[in-house]
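Participant: Chain by chain, the residues run as shown.
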Amino acid sequence: MSTVVLLTVTGLGLGALYFLVASGLSLIFGLMDVLNFAHGALLSVGAYATWWAASHGFGYPLALLFGTAVGTLASVALELGLIRPLYRRPREQVLATVGVGLAVPALLSAIWGADARTFPVPGSLAGTFTVLGANVPVDRLVLIGAALVVLVALKVFLGRTRHGLVVRAGVEDRAMVTALGIDVRKAFTLVFAIGGAAAALAGGLAGLYFGSVDPTQGSSLLVFGFVVVVMGGLGSVSGAAVACVVVGLVQQFANYYSTAGLGDLSVVVMLAALLLVRPSGLTGRLA
Amino acid sequence: MKSPLLSVRDLKVVIGGRHILHGVDLDVAGSGVTALLGRNGAGKTTTVRGVLGLVPRTGSVRYDDTETVEMTTHRIVRRGIGYVPEDRGIFAALTVAENLRLAERDPDPAYDLVHELFPELRQRARQAAGTLSGGQQQMVAIGRTLLNRGNRLIIADEPTKGLAPRVVTEVAVALERAAEAVPVLLVEQNLALVRRLAHHCVVLADGRTAHAGPAAELLADAEKSRTLLGVGRRADVDATRREH
Amino acid sequence: MNVPALLRRWWPLLALTVLVLLPYSALPLPGLLDGPIGSPGSLQLLALCLVFGALATGYDLLLGRTGLLSFGHALYFAGGTYATDLLLTQAGLNFWLAAGLGLLAGVVLAALLGSVSLRMSGIGFAMVTLAFAQAGSILVERDPGGVTGGEEGLAATGLPGWLVGIQNTANLYWIALAYLVVTLVAVQWAVRSPIGRVWEGIRENERRVEVLGLRPYGFKLVAFVLAGTLAALGGVVYLLLTGGATPQATTSDFTLSLLVMVVLGGSGTRWGPLVGGVLYTWAQHRLASLAGSGTIAGLPSVLRVPLSQPLFLLGVLFVVVVYALPGGVAGLPARLRGRGAQA
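Protein chains in written order, with the working numbering: chain A, 1 to 287; chain B, 1 to 244; chain C, 1 to 343.
Hints are computed from structural coordinates only; laboratory data are not their basis. Treat the hints with care, as some may be off.
What the hints assert, rightly or not - When the alpha-carbon atoms are kept at most 20 angstroms apart in a straight line, the in silico DMTMM-like pairs for lysine to aspartate or glutamate are as follows:
1. LYS155(A) x GLU98(B)
2. LYS186(A) x GLU104(B)
3. LYS12(B) x GLU67(B)
4. LYS12(B) x ASP27(B)
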């Protein structure tokens, strides 16, 4: 029983990490039709910024805040400097993000080395917590908590603010939003900011979860991010959340109850199967 | 004579390598309803989209004495244009109220007018717009243009397409009310509606302006109507029957 | 005899002759290469450049000619490498048999996965190819049954004597060159054929092709299998060149680097992807060795840090090219000519 609990919590924890990555990706693709290959780089930026702050005496919460802020700024700079000028050239936009996704981890490698750097995990978060008879590492719970907060915040933003309304409408029909006199480009920058913040937060939390940061963490998580976004339906935050839970749980349980590796494989096979059976994703929105 | 509110000269639109418009001229006066007519494929919707900047265009589009052909869509629309697109442009995932709220631009939107003309919209305010009938969606689309008292022009692209006769009448009444305050550029195939509402008309053929003049005159001339619009009396009846 | 016209027509043959004769030359190219051109180290680097140039050309068959954005091309390249390597080490087969079967495995894989992936188009297709490649990458790294060597890779054994060892680098170089020629000829021939014209139509506007009564699926599958076959062949050559298989070649990052090569050089052109592949590979290896050397280590850290990472430079260069030079390097002459005409 306790194994099941542990697996469930770990699976949810992983799912939480994927959600933080995927939520921004989903909005960015849904609204702007941009496959943001630089998203993993934003995660790494957040991870290293958090690690740097934590290694220089800042408490973990403050370091996390710092990392998130740095990631948000980087994301906004990316959108304003690279994405916006390529507005009418969608293929070039994607390619530009590929270039950034290549350059940033290399830069991080150059500055801090390609090897993983140990993350200073604060004592309060290093222990375990008893849940239903199982000893669950606290970091999983932190991840789940953070993801829930972000999910709620996003739902509130999308459902109850005017900017959120513009984003929801733009995901459906960008041209019509401009035909109502709204400058959709502001929404673009906003969505990139949100995505960057979530990714950077994921990076800072990934450092806690894995106990280390390295330049390639972002890219490997990015692939799972894409998988989840496509499964959940592009532009749908709720869909991404559901897909993340499914993916996280399947991965953990499959990895444990069969030879290692089958879990990751099964996630990928799930995606292919889902797409072939239902090309518009779980909640029905695919370009 | 007052200069027209909207003045289009030599509007050309090329999409995917194909020339859709070869130089359209069009004037919309500061009051009354101007009908934009023509057979299917003549370029009516493309003209409207060209005026609004939704497709790349060249030529001259003067709105309210300002050249807008280089402007982006949202800037043009903010100068006071209400647009009812051919496919209604309703956001299916948003509620009726949210669809209307999104269209608000002025500080004091005219909800009283919208609810007076379309009482159903108040009842269905929290309903997802995607679950509405075609007629109800059209009410939302038209209602959006009426919210902003600052609108100086309404452009409606085939607002009665595919609607039942009762709903067509509601739409006609709404357009009439709107036209009392603001000029309307109306793209339509429904000639009965055109006869009821339009003062002036412009006819397109093959991406060019083929005729411009008083609407009543054109419609009274059976020969000209047939040539330019592809309709005789029998086709007119068939057209209304097909709309059900 | 009109020499300039003749030259313009036959220069590829001339270039090929020069390339064939390179191993006999002792010409030093300081800066560009570490030793003289004919030395084993330089030939090894050149051979790698040629292999990747060919690989990029094959990839562009999908991207630039048919309009298919695949994120899983690495899978077929790695498939060729790993299949051959496994057959050599585990089944103990003779090299030519192993290579032939390895190539066949690549073809079958491409046909199988392609037939499934191509049922989607656009983003769906891209994501499915990504998913399949990721699956392959995971499979190799997890090392089921200990056969694939996991993260360390798998060294090849049982290679024929004349293909092993530093003294035989020239042979490997010629094999790489042969692979490049085969790829270029195959791609050019396919593009110029009636099938190639349908590919062009699909790239421009798939709906219009359907309206003409053709089913795009079959044509796209042909492109996919052809490109996959060429990639698998490249995998076999790569196995010879490096003496083993590494899991790095299975990652989506690898396919992304192919994408960079193609766009840098100029997608949809005859020589663009080749140029991009050569430039990228050269830059990656040359800069890496320069970084280790004294020249860069002596620079102030502001310059040294970025320069020591070739991927950083390439990434930045890529962004610049995407932004300012959409036709890639191959598009440069036309743009300069156009500028000149305007001025």
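Participant: All hints are to be evaluated individually against the structure, with a verdict given for each.
Facilitator: Each hint, compared with the structure:
1. LYS155(A) x GLU98(B): Holds. LYS155(A) to GLU98(B) sits at ~15 angstroms (cutoff 20 angstroms).
2. LYS186(A) x GLU104(B): Distance of about 17 angstroms is within 20 angstroms: holds.
3. LYS12(B) x GLU67(B): holds (15 angstroms)
4. LYS12(B) x ASP27(B): holds (16 angstroms)
The structure shown violates none of the earlier numbered hints.
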